[in-house]
Amino acid sequence: MIPTRFAYEAPGGAEEAVAILDAAAEPRVLAGGTWVVPELGSGASRPDVVVDLRRAGLGTIAAGEGTVMVGATATYADLIGSALVRERLPLLHEMAGGITGGWAIRGQGTIGGSLIAARPQSDVPAVLVALGAVAHVAGADGGRALPVPDLLTGPMQTGLARGELLTALELPVQIGTHGYVKLKRGASSWPIATAAAVAVDGVLTRLVLGGVAGTPVELEPEDATMAEIHDPWDDELAPAAYRVAVAGPLAARARRKAIGG
Amino acid sequence: MGRRLVGDPVVKHDGDEYLTGRATFAGDVVLPGMTHAVLVRSTVAHARILGIDASAARAMPGVVAVLTGDEAIPLVEPVPSSVDPTPIGGHLAEIRCLAVDRVRHVGEPVAAVVAETQGDALAAALAVRVDLEPLPLVLDADEAMAADAPLLYPEWGTNRIVGGEMGSSAEEVDAAFAPADHVLEGVLRSHRGNAAPMETRTHVASWDETTGRLTMWATTQNPHPLRSTLASALRLSEAQVHVIAPKIGGSFGLKMFGNREDFIVPVLARLVGRPVRWHEERAAALLPGAREQVQRWRAAFAADGRLLALDVHARSDHGAVSAGHGWGMGLVGAQTTGTGYALEVCRVAWDVVATNKAPWGGTKPYGKDGATLLAEHVMDRIAETTGVDPAEVRRRNFLQPDAFPHLHTTGLELDSGDYEGTLDLALGRAGYPELQAERERARAEGRRLGIGLGFELTPESADVPGALVSGFDTATVRMSPSGQAIVLTGVTSPGTGNDTAIVQLVAAELGIALADVEIVQGDSDRCPYGFGNISSRSIVTGGSAAVLAARDIAAKLRTVAGAMLHAEEGEEIVLGGGMAEIAGDGDRHVPIAVVAGAVFSLGYILALDIEPNLESTRTFRPPNIRHTPDHRGNLQVYTTYPFSMHVSLVEVDDETGVVTTLRHVIAHDCGTVVNPAFVDGQVRGGAVMGIGSALGEEFAYDDRGVPRSVGFKTYLLARASDVPPIELERQVTPSPSTLIGAKGAGEAGFGGAQAAVMNAVNDALRDLGARLDATPASAPNVLAAILDARR
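Those sequence lines, one after another, are chains Z and S. So in the numbering used here, the last one in the first sequence is 261, and the numbering has no gaps at all. So in the numbering used here, the last one in the second sequence is 791, and the numbering has no gaps at all.
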């Protein structure tokens with residue numbers, strides 16, 4: 001039960017949402033609500049207005065020129081059920097299918113909500129970096145597009161300015177093969193560390209670790225055995241030393257899945 | 001024919017109620033005018049309360065009242081201690097229902113807000129300002145026992161709540177250690193856990209001014225003792241207090257009487273003059289702890305693996321003091337040291353220490369987890385040192401079936417058992433030689449498997465002298481003129497189905513159908529005084545009492561039926577299938593319902609040989625509890641000693657430390673089983689709890705004493721995909737001391753499962769020279785052990 005009072009808005013489009021966000025003192029954007037609602041319930045988050053994006057038309061998945069445009073409020077279930085995603089973004093498809101929490105969470109959680117939450121204990125940020133995703137952002141001064149790594153400025157921090165809203169992710173169609181591994185402490189656990197590898201013609205082109213530091217760590221593809229992790233992430237489920245210790249083995253496993261051997 | 005019901009896996013007699021949402025839990029109770037209470041809890045682990053400002057809260061919408069600890073003092077006495085440690089030299093602290101003067105753990109309730117809605121109460125609770133002056137804190141039991149440690153209760157001069165020594169003398173220990181082939185020592189640490197019942201607590205209290213009665217729907221295991229203690233603290237007569245325990249969604253000891261909230265809610269109801277409902281949030285429900293110990297041990301053993309002597313110091317990190325009986329887990333763990341092994345010399349020094357964590361709450365399996373973990377760890381260390389196979393080590397050490405009753409050095413008198421039988425059953429089901437071969441094959445492929453054994457022995461059905469925790473219980477059975485019966489028991493059910501099992505027992509004795517027996521539990525007005533469900537006692541005591549009462553009625557039915565059937569001298573009447581008939585002469589029978597009706601309507605003709613009522617209230621008191629000290633000064637306070645043998649197969653990923661449980665086999669013996677479906681459910685549930693604990697279900701604190709575990713994303717329960725199917729075998733060694741031979745299954749599974757998984761992990765790591773001397777075998781802990789061994 002949410003102990004605080006707030007205004008509730010459900011804008012019919014991105015422009016309307018931006019106007020509300022720009023005018024509000026302490027707004028909170030609601031997509032799937034899997035993080036926002038518990039934080040409202042515990043009193044950790046006390047916004048003056050909650051902006052619900054369910055009617056804003058931001059959930060579509062469409063083909064572009066050599067790309068796939070994934071709406072910010074597309075759910076994991078939408079990704080799993082999309083032929084476009086399955087065929088052209090198989091790494092994203094695999095990630096969505098393994099989201100902790102099963103079908104109940106997969107039907108609620110959104111790719112945009114997860115990216116903006118920017119939690120290390122999450123699959124989405126590192127996978128989007130590995131896929132070279134570009135974030136499309138709407139704002140009062142117009143829109144902009146920026147590579148996802150530029151958007152992720154720190155753990156639970158993004159470079160979104162006041163009044164800005166993530167509307168979509170633009171992903172180049174995947175070529176080659178990929179490998180994805182996720183380490184958890186049992187089925188209940190959030191991701192402790194993830195590794196996403198992309199390879200073309202048997203050569204590793206990208207290798208990105210999630211969960212080991214505050215933001216995704218991109219490794220030099222050749223340096224798949226070990227890399228220095230700056231500011232390793234520490235949380236209730238695993239200390240920093242553990243994440244540092246497993247980073248190398250996970251990277252190696254993702255690499256093996258991508259290029260075999 | 002009636003006997004067939006006992007031993008049958010019948011479904012819950014009220015199962016349809018649960019499945020269709022008609023079962024009433026305390027959280028379902030809605031009363032006219034009901035208000036909602038939320039507790040304001042300390043956010044600091046140790047502090048002086050400088051003041052509480054509720055003015056802003058009182059002004060908020062919907063708020064009916066705010067009560068602070070100081071304001072509650074005139075309204076209610078301190079919470080009575082459910083099991084007082086002072087008779088054995090321990091310390092008590094005065095526990096007020098809301099904290100006064102100091103707070104000693106994060107989460108300690110300091111004020112209560114009552115409002116029209118839950119939302120209003122939550123919002124107002126956030127607005128209560130609590131002014132705290134932090135004090136130095138201590139979060140480790142060893143540190144708390146240091147000379148310069150901050151004291152939680154300065155008037156004690158120590159942080160030691162209670163402790164003692166039991167078992168063999170120091171001289172006996174020295175004499176056993178001196179000539180031994182081998183001596184090993186170690187330090188074994190176990191972590192803090194919580195049983196996490198599906199249902200958190202909800203209390204609804206209502207004070208009726210016109211009748212002067214308090215009615216409370218309480219998620220309690222013990223409605224009568226709760227009534228007694230509530231009446232005492234609220235300065236009422238017991239007749240003025242009515243406690244109703246509705247359906248309960250799991251307790252595991254956490255809903256035992258003696259909790260502060262049991263008292264806060266009735267006080268609020270009386271204060272505001274309206275019903276008050278309090279519902280416990282999950283973060284608060286996770287606070288009561290258990291199982292956190294440091295056991296320093298020395299073992300002396302022979303070259304053939306026989307354990308000659310154990311010398312143990314067991315220290316429990318209890319957290320702050322409560323009025324409950326959590327401290328008793330330190331005592332019982334000490335008493336259970338050595339479990340089922342033929343150990344002639346065993347000495348245990350034990351202490352229970354206060355720290356600035358939330359208090360221990362009595363939790364399944366009530367301290368026996370520590371004794372099990374230690375014994376099984378030592379057995380494997382013996383195997384490793386001597387080269388004797390771990391199963392063989394246990395075999396050579398078990399008490400044999402002809403050794404009973406066996407008086408342990410700690411005072412426990414083990415009743416009956418065939419421990420080796422469960423070893424054989426478990427090894428057979430697991431295919432022990434095949435497992436060992438599989439382990440070797442996997443090793444050649446670069447996979448690291450481990451096999452672990454875990455034997456658990458759990459003393460049950462305790463009687464604590466001087467406490468409302470007694471080893472006997474009472475039941476009333478009544479049959480009406482229709483031939484239908486009702487059972488009213490002093491025992492309750494936390495959802496295990498003991499109510500259905502008691503129905504089975506009574507129906508069998510009376511010879512009537514299950515559907516013709518109704519059972520009432522948990523109502524302090526209707527049920528005879530009893531001690532509820534704890535310590536696996538419900539069938540052992542309550543079931544036995546119900547059988548005695550039912551037999552009284554059955555005897556009367558047979559007498560009257562004999563008259564109706566013109567039975568001759570020596571002809572026996574048998575009750576079964578709803579009929580009373582002459583044994584061996586099926587033509588001469590009469591429906592039991594007709595017999596019952598005759599007692600009440602034809603009493604002067606057919607029932608002259610009996611008192612014409614069909615009602616009996618009987619108490620079963622097990623004979624083997626002894627409150628006079630033995631030659632070592634020990635009491636024998638347990639009735640039964642069920643046991644089980646576990647075999648665990650795990651795989652350890654040595655690059656990540658992740659443990660996967662591949663198989664889990666249990667051979668379980670709890671004596672006579674009334675309903676195998678319920679018992680199997682108990683065993684499986686306990687095993688999953690133990691596997692989960694071994695894998696990382698851990699309640700953690702940060703260095704400021706603030707819990708890091710606040711819900712199920714930070715307190716990782718095992719999910720169905722984390723555990724293998726639990727493979728069960730049953731053995732039956734009846735108890736010689738209980739009426740039906742049952743020993744109780746309420747605490748089964750946890751200890752043996754946790755120990756077996758820990759041993760399996762250590763087996764997998766052995767060739768790396770790595771070993772875990774602490775639980776849990778979480779991935780970070782396992783990897784740390786591996787990396788430490790490499791350095």
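In short, the hints are calculated from the structure, not lab data. Keep in mind it's a predicted model, so treat the numbers as computed, not measured. All residues carry an ideal CB built from backbone N, CA and C; glycine is no exception. It cannot be assumed that every hint is accurate.
What the hints assert, rightly or not - Computed, partial: chain Z to chain S, Cβ under 10 Å:
hint, residue
1, Ile-2
2, Pro-3
3, Arg-5
4, Val-49
5, Gly-81
6, Arg-185
7, Ser-188
8, Ser-189
9, Ala-245
10, Ala-252
11, Arg-256
Against the structure, the hints come out as follows:
The interface hint given for Ile-2(Z) holds, since its Cβ lies 7 Å from the closest Cβ of chain S, which is under the 10 Å cut-off. For Pro-3(Z), the suggested interface contact is upheld, since its CB lies about 3 Å from the closest CB of chain S, less than 10 Å. Proximity of Arg-5(Z) to chain S holds as hinted, the smallest CB-CB distance being about 7 Å (cut-off 10 Å). Interface restraint check: Val-49(Z) against chain S, minimum CB-CB distance 17 Å, threshold 10 Å, status violated.
The closest approach between the C-beta of Gly-81(Z) and any C-beta of chain S is roughly 23 Å, which is over the 10 Å cut-off, so the hint fails. Proximity of Arg-185(Z) to chain S holds as hinted, the smallest CB-CB distance being about 5 Å (cut-off 10 Å). Of the supplied interface hints, the one on Ser-188(Z) holds, with its beta-carbon coming within about 5 Å of a beta-carbon of chain S, less than 10 Å. Residue-level restraint check for Ser-189(Z) holds (minimum Cβ-Cβ distance to chain S is 6 Å; threshold 10 Å).
Interface restraint check: Ala-245(Z) against chain S, minimum CB-CB distance 6 Å, threshold 10 Å, status holds. With a cut of 10 Å, the hint placing Ala-252(Z) at the interface with chain S holds, because the nearest CB-to-CB distance is about 8 Å. Look at Arg-256(Z): its Cβ only gets to about 12 Å from chain S, farther than 10 Å, so that hint breaks.
Violated hints, listed in ascending order, are 4, 5 and 11; each of the other numbered hints is respected by the structure.
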